[in-house]
Amino acid sequence: MTDDIDEALDWQGHQVNCAACTHLTLNGAGGCRSRHACVNDRYARRIDRFFNWNPGLADGYLGHPHFEVRAIAAKFANLFLLPPLLGDADETVRWNAVRRLPKRYALQLRKDPHREVRMRVATLIEGDELLPMAGDEDYYVRLVVARRLPPLLLGRMMNDEEAEVRRVVARRVADEWLFGMINDRDAAVRLEVAQRLSPELLALMRCDPDWRIRYEVASRAAAGELTGLVEDQDSLVREVARSRIAVRLERGTGTSA
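End of the sequence shown sits at 257 in UniProt numbering; the numbers just go up one at a time, nothing left out.
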């Protein structure tokens with residue numbers, strides 16, 4: 001069965017000529033098929049199908065002028081031939097090569113010019129080797145790094161310029177670093193912090209300008225720290241603060257809650 005696309009054009013827009021192809025014998029033996037599995041076709045799925053059927057031919061196409069052919073050939077070629085592709089002009093080729101190579105090769109692409117490559121490289125490496133990417137210029141890359149760095153190494157990302165990155169940091173950073181984020185300029189980040197703080201430290205956020213943080217304080221901080229919240233401007237905060245103080249008072253007088 002051929003693809004729905006009827007045209008059989010190469011990457012330069014010329015009609016594919018099976019009669020002039022070096023793989024003509026393959027065609028006769030069922031190793032390729034026009035508009036279905038063809039290395040000369042401009043459509044990636046047809047190229048991919050060709051190499052799926054003939055993986056042994058991939059080595060000879062790593063220098064092909066069309067990036068799509070090089071990129072797909074890199075998925076099937078001999079591993080020992082892939083390192084030079086880390087300097088390829090196309091990011092798809094570089095990524096297809098590095099993801100098959102030993103992880104040490106990914107270090108060479110930590111400063112790749114294309115953000116997609118750097119994002120993916122950040123998923124391949126870990127620990128100290130990932131630290132240099134914590135200052136990447138692209139916040140999506142830093143987001144991946146923040147999700148993967150060990151908690152003890154996240155301290156340097158606590159002041160990242162993007163709130164979404166800091167939110168991830170607040171969820172994962174080691175406990176000893178968390179206190180340093182209680183005054184973050186973004187309320188969503190502070191809420192992440194508040195949800196992790198112990199009841200003792202949480203009381204330090206009872207004057208936060210965001211009602212969600214004050215609600216968290218009213219819900220979990222020691223009841224003795226809630227006096228100022230019983231008159232809070234937000235009704236939900238007042239309600240939970242008064243309820244918890246009332247329960248504390250009842251228990252103090254020996255009355256069942």
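None of these hints come from the bench; they were simulated from the model.
Just so you know, even glycine gets a beta-carbon here, dropped at the ideal spot from N, CA and C.
Warning: the hint list may mix true and false statements.
[As the list claims (entries may be wrong)] Distance ranges between label pairs, derived from CB positions:
#1 A163 <-> G228: 22 to 30 Å
#2 E200 <-> E162: 36 to 44 Å
#3 N183 <-> A222: 15 to 23 Å
#4 L236 <-> N183: 42 to 50 Å
#5 D138 <-> A222: 56 to 64 Å
>> Just to be sure I understand the hint, the distance between the Cβ atoms of A163 and G228 should be within 22 to 30 Å; is that true here?
In response: The hint (22 to 30 Å, Cβ to Cβ) holds, given that A163 and G228 are roughly 27 Å apart.
> Do the beta carbons of E200 and E162 sit within 36 to 44 Å of each other?
Replying inline: 30 Å, violated
> Does 15 to 23 Å hold as the CB distance between N183 and A222, or does it fail?
Replying inline: 21 Å, holds
>> Assuming the hint says 42 to 50 Å, is it satisfied by the Cβ distance from L236 to N183 or not?
In response: Violated: the Cβ-Cβ distance is about 23 Å, outside 42 to 50 Å.
>> Quick check: does the Cβ-Cβ distance between D138 and A222 fall within 56 to 64 Å?
In response: 43 Å, violated
In this structure, the earlier hints numbered 2, 4 and 5 are contradicted, and the remaining ones agree with it.
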